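Using the sequences plus the hints, can you model the full thing?
My numbering puts the last residue of the sequence shown at 1563; the count rises by one with no breaks.
For each label pair, taking beta carbons as the anchor points, the in silico distance ranges come out as:
#, residue 1, residue 2, range
1, A1531, V1557, 37 to 45 Å
2, I1479, L1417, 16 to 24 Å
3, S1491, L1429, 38 to 46 Å
4, I1483, D1434, 41 to 49 Å
5, V1558, R1403, 16 to 24 Å
6, G1525, R1403, 38 to 46 Å
7, V1464, Q1561, 36 to 44 Å
8, F1468, I1529, 18 to 26 Å
If you're looking for bench data, these hints aren't it; they were derived computationally from the structure. Computed from a predicted model, the values in this text were never measured in an experiment. We put the CB at the ideal spot given by N, CA and C, even for glycine.
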Amino acid sequence: MTPVPSQRLSTLFIQMLIVALLAGAIMGTLGGALLVLPDILAGSGDPEGFSAWGGPVGYALMPIIYSTVCGTFLGLIPGTGSFIALSIQDRKRPASLGNQQAMAAGAGSAIAGILPAFFVVWIIGEQLPGSLVIGAVFIVACFVIALLALKGILRDIDKRDVVIRQAF
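Here it is, written out as structure tokens:
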């Protein structure tokens, strides 16, 4: 596989912002569904238990909508961290390869993902023994999503540039 060249930060900003918002929305939706699932399963035999949110559909839908919106905005934190890491890398020693940029974006996203990980652990509750594991998985997910997303963005930009060069 041929190495993908690095790109200027101005070229990457909009794509990274869109990916951060989408990843945050997806993670928020999954998190909301996982938080609501035990309550739905526990109250499935009691139709009166769902009356507060407008029936079983409303009971499941409202928390998932809220968590999707919250996740969208929380996705900006790791996205900003990855962009800041790319800016620092660009100032100190600009990357020549896309893999170097992707690693820097992943590291910045993981470092910035510590703050939302604390929020996720707080929402789940510190009584849950696995909440720290979930926080750690969240930080690793931030790293992996930023790394793979930036690699994909760089490959897409490289393919587009090749097509444009061949056209002229």
